[in-house]
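Residue numbers (our numbering), protein chains in the order written: chain D, 0 to 113; chain W, 42 to 155.
These are computed hints drawn from the structure, not numbers from a lab. Quick caveat: nothing in here was measured; it's all calculated off a predicted structure. Possibly wrong hints are sitting among the right ones.
The following label-pair restraints were derived from C-beta to C-beta distances [as the list claims (entries may be wrong)]:
| no. | chain 1 | residue 1 | chain 2 | residue 2 | range |
| --- | --- | --- | --- | --- | --- |
| 1 | W | E110 | D | T19 | 44 to 50 Å |
| 2 | D | G39 | W | D95 | 32 to 38 Å |
| 3 | W | I154 | D | G62 | 23 to 29 Å |
| 4 | D | N29 | W | E83 | 20 to 26 Å |
| 5 | W | A155 | D | K13 | 38 to 44 Å |
| 6 | D | S66 | W | A155 | 44 to 50 Å |
| 7 | D | P82 | W | A94 | 28 to 34 Å |
For each residue, glycine too, the CB sits at the ideal point set by N, CA and C.
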Amino acid sequence: NAGVTQTPKFQVLKTGQSMTLQCAQDMNHNSMYWYRQDPGMGLRLIYYSASEGTTDKGEVPNGYNVSRLNKREFSLRLESAAPSQTSVYFCASRPMTGGGTEAFFGQGTRLTVV
Amino acid sequence: GNSVTQMEGPVTLSEEAFLTINCTYTATGYPSLFWYVQYPGEGLQLLLKATKADDKGSNKGFEATYRKETTSFHLEKGSVQVSDSAVYFCALSPRNSGNTPLVFGKGTRLSVIA
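So that you can see chain D by itself, here it is in the shape it has in the complex:
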């Protein structure tokens, strides 16, 4: 079972460059999420998609955009990367948002902006 797959696993960008982080899940989940993880800050929600065709801002959306391409895929785009966006990015999915269902996480994308 592949679960949640993120690409790439590692990336180095120069300030001002753009890139898209890809995420796909094969569990037929309705909800998908993007988090960033920084030392001492835990996980912070960037954007989420409760269901196909909808997206909502999380705690730290500035500098990011998302696309829920279909039920399987949820991408995160950095239009003009900044050093403050150096982080580990995690995609997650969940059968539905709310209630007792757990989220399943990808392995993460380690992004460095120089």
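Use these hints to put chain W onto chain D, whose structure you have.
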């Protein structure tokens, strides 16, 4: 609002020591509660969960009991091993929340030394 507070680390223990990681929450109603574990270089994975008051979640020797009177979900293990070294996250999901995603604590790093 909904929030999770967990003890700050790092926590360093000797092998076979008893582990407690405290977690308290603030939420309207009775949320579902989760513990996730993140091993070095990996994504988060569910360790255990409880969906109603007085439920006990357990897995791999870890346990946590949902205490609504103290709004707590403390993680315990009777005898830790070196392989338990990881970061542990407490999280909640509001019940009947509509589209509210999981809310995470900041994580507690555990190091177990032989």
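Results for each hint:
1. E110(W) / T19(D): 44 to 50 Å: 47 Å, holds
2. G39(D) / D95(W): 32 to 38 Å: Holds: the Cβ-Cβ distance is about 33 Å, inside 32 to 38 Å.
3. I154(W) / G62(D): 23 to 29 Å: Check failed, 40 Å falls outside 23 to 29 Å.
4. N29(D) / E83(W): 20 to 26 Å: 25 Å, holds
5. A155(W) / K13(D): 38 to 44 Å: 43 Å, holds
6. S66(D) / A155(W): 44 to 50 Å: The hinted range 44 to 50 Å holds for S66(D) and A155(W), with Cβ atoms some 47 Å apart.
7. P82(D) / A94(W): 28 to 34 Å: 45 Å Cβ-Cβ, so the 28 to 34 Å window is violated.
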